[in-house]
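Chemist: As given, the protein sequences belong to chains R and W, one line each in that order.
Position in the first sequence (first residue = 1) + 64 = our numbering.
Position in the second sequence (first residue = 1) + 538 = our numbering.
Everything labelled a hint here was simulated from the structure, so no lab data went into it.
A portion of the hints provided could be inaccurate.
Derived lysine-lysine pairs resembling DSS-like cross-links, with alpha carbons at most 25 angstroms apart [as the list claims (entries may be wrong)]:
hint, chain 1, residue 1, chain 2, residue 2
1, R, Lys195, R, Lys215
2, W, Lys544, R, Lys196
3, W, Lys544, R, Lys219
4, R, Lys195, W, Lys667
Source: prediction; values computed, not measured.
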Amino acid sequence: MNILRVENLSISFGGLKAVDDLSFTVKENSIYGLIGPNGAGKTTVFNCISRFYTPDKGKIVFVQSTENGLRLEHQLTKYKVHEVISKGLTRTFQNVELFKHMTVEENLITGLHSKLKAGFVRSGFFTSSVKKEEDTAREKARDILAFLGLKGIEKQYAASQPYGIQKLIELGRALISKPKLIILDEPAAGMNPKETASLGALIRSIRDTYGVTILLVEHDMSLVMDICEKICVINFGKKIAEGTPVEIQRNTAVQEAYLGKEEQNA
Amino acid sequence: MKKVPKAIIYSILTLIIALFPFVLGLPKPLMTLLNTVIIYGIAALGFNILLGYAGQISLGHAVFMGLGAYLSVYITSKLQLPFLLSILISGLVPMLIGALLGLAALRLEGHYLAIATLGFGVAVQQVFKEWIAFTNGYSGVRAPYPNIFGLVIKTREQYFLMAVIVLIILSLFAYNMLRSKTGRALIAMRDSEHAAQAMGISLFKYKLIAFSVSAFYAGVAGCLYAHLIRFVEPNMWGIELSLNLLAMVVIGGLASISGAIVGAAFITLIPEIIKNVPVLEHFKNISAVFTGICLVLVIMFLPLGLARLAAQLKYKYAKLFSIGRKISDKFGGGKAQ
Numbered sequence: 065m066n067i068l069r070v071e072n073l074s075i076s077f078g079g080l081k082a083v084d085d086l087s088f089t090v091k092e093n094s095i096y097g098l099i100g101p102n103g104a105g106k107t108t109v110f111n112c113i114s115r116f117y118t119p120d121k122g123k124i125v126f127v128q129s130t131e132n133g134l135r136l137e138h139q140l141t142k143y144k145v146h147e148v149i150s151k152g153l154t155r156t157f158q159n160v161e162l163f164k165h166m167t168v169e170e171n172l173i174t175g176l177h178s179k180l181k182a183g184f185v186r187s188g189f190f191t192s193s194v195k196k197e198e199d200t201a202r203e204k205a206r207d208i209l210a211f212l213g214l215k216g217i218e219k220q221y222a223a224s225q226p227y228g229i230q231k232l233i234e235l236g237r238a239l240i241s242k243p244k245l246i247i248l249d250e251p252a253a254g255m256n257p258k259e260t261a262s263l264g265a266l267i268r269s270i271r272d273t274y275g276v277t278i279l280l281v282e283h284d285m286s287l288v289m290d291i292c293e294k295i296c297v298i299n300f301g302k303k304i305a306e307g308t309p310v311e312i313q314r315n316t317a318v319q320e321a322y323l324g325k326e327e328q329n330a
Numbered sequence: 539m540k541k542v543p544k545a546i547i548y549s550i551l552t553l554i555i556a557l558f559p560f561v562l563g564l565p566k567p568l569m570t571l572l573n574t575v576i577i578y579g580i581a582a583l584g585f586n587i588l589l590g591y592a593g594q595i596s597l598g599h600a601v602f603m604g605l606g607a608y609l610s611v612y613i614t615s616k617l618q619l620p621f622l623l624s625i626l627i628s629g630l631v632p633m634l635i636g637a638l639l640g641l642a643a644l645r646l647e648g649h650y651l652a653i654a655t656l657g658f659g660v661a662v663q664q665v666f667k668e669w670i671a672f673t674n675g676y677s678g679v680r681a682p683y684p685n686i687f688g689l690v691i692k693t694r695e696q697y698f699l700m701a702v703i704v705l706i707i708l709s710l711f712a713y714n715m716l717r718s719k720t721g722r723a724l725i726a727m728r729d730s731e732h733a734a735q736a737m738g739i740s741l742f743k744y745k746l747i748a749f750s751v752s753a754f755y756a757g758v759a760g761c762l763y764a765h766l767i768r769f770v771e772p773n774m775w776g777i778e779l780s781l782n783l784l785a786m787v788v789i790g791g792l793a794s795i796s797g798a799i800v801g802a803a804f805i806t807l808i809p810e811i812i813k814n815v816p817v818l819e820h821f822k823n824i825s826a827v828f829t830g831i832c833l834v835l836v837i838m839f840l841p842l843g844l845a846r847l848a849a850q851l852k853y854k855y856a857k858l859f860s861i862g863r864k865i866s867d868k869f870g871g872g873k874a875q
């Protein structure tokens, strides 16, 4: 079963075709990698899916499984940026984008924004339903923090945490709304090999524990080859290969894109 | 024993303090001054929701106060409607107009928003000057004493109690709103618009909420001001007042409820204190100079404002203290054997 279908996606900035007729599908409950050399258009694809950009052409279909077993197909291009999360799709950012002046706990609860119902007038009077909602939200945040191994820092400011922890907090913020698909934008950026390895294990356990699908945009080959079940390689906005890590490693087009073409000897 | 929330304790303490003037018998000018502190506190509180929490600027907020003032005079004297209803309407109408100003904020950012709101302020002030039927132009309008269910509030002491009650209600509202979903959305929007959107926060909705709620507070403050001074004229609502609101919030402390009130007290009381200093009293506009200097000093040395003075000093001098303690330990100044 597919959870995400990207069909003939194209977008250009000025004269530059950043993404050119790209199609790929992501299977439910899988870890899917989107890789490519610098400037290949990975983040642009990513921003199209999360609706920060609107593609010139093409479809992005997100399949939402509802609780009563129905499967709803959403054309993501029809939604605004802030509406995407309520369909079950969240993202993280390449350069950690936490709310710096909030505590760790508040950061996570903000991830629940789309699920909380209180309007500003009801919040202002802090009715009992608001209080209950806040309490459950706090509990959920604590559960997630416990899962990430971050117990005890709930009341500390997000900005005062080290970079690695901030990345985890951002993951937690994406995870708390119980999404079906999380898209991670270069989660291993700025991490050393050891941290990257444990991040890989964490991403796997997130998939297994919460039953989410993960779409990964990544630079770090070790992470991608380690955890992705399927990989799509793009270069200059076009798909040049798709397959399992082993297939990708053997693919000559991929090797050329990353390492350059061998000179033809006469 | 059940723990009493801090907010309730502060509210009760404030209420008790509001009763002091009844027994102390303070002179009338001082009571007027204290009343204006509370009223500006309300306006600054609303302005802080906008500037401190939502990170949006407005340099025309004085006209929302003006609007509330004129509306209340019109409602109570021309329409002869009850004062409590007029407080509410004086808040609600600016709230709607604030939402319109919020629409501008969707398109503009930073300096451009500042300029646009400045223009808005100047334009509306001009409307106050020209719309004679509603405002009586430069001649101004007289406001009646507030009448609450037959109780006419005539003394400054009674007025102070009423203003403090309004301040407490609005502070509690702000406190509750800011610690739940709406408050987080505003702060999220200020800290990172991208991440806020990704979390499902509609910038459209929350910018409008920020502008309209802060305009509501300004409108209510304007209404209270009108009935305190009992006279309203267009020059009260100029750029100086808008900038003063800004100074109150920055000096008192951005994104802090108590900061808004501390800032309002600071800006309102400083000119009065300086008036009584022997040498300084001869300089014209010395209080404006002094306010300006304070603003610069606060931004440089206490960026979190006067309300968080203790925490900032503690942080700044923590190192110094720890060094001091080490030295005193070394030289036997520590624990006795």
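Chemist: With reference to the structure, classify each hint as holding or not holding.
Modeler: Evaluation of the provided hints:
1. Distance hint between lysine 195(R) and lysine 215(R) is fulfilled; the C-alpha atoms sit about 23 angstroms from each other, no more than 25 angstroms.
2. The suggested pairing of lysine 544(W) with lysine 196(R) holds, with an alpha-carbon distance near 19 angstroms, which does not exceed 25 angstroms.
3. Note on lysine 544(W) and lysine 219(R): the hinted pairing holds, with a Cα-Cα distance of about 17 angstroms set against a maximum of 25 angstroms.
4. Using a Cα cut-off of 25 angstroms, the hinted pair lysine 195(R) and lysine 667(W) is violated, with the two alpha carbons roughly 47 angstroms apart.
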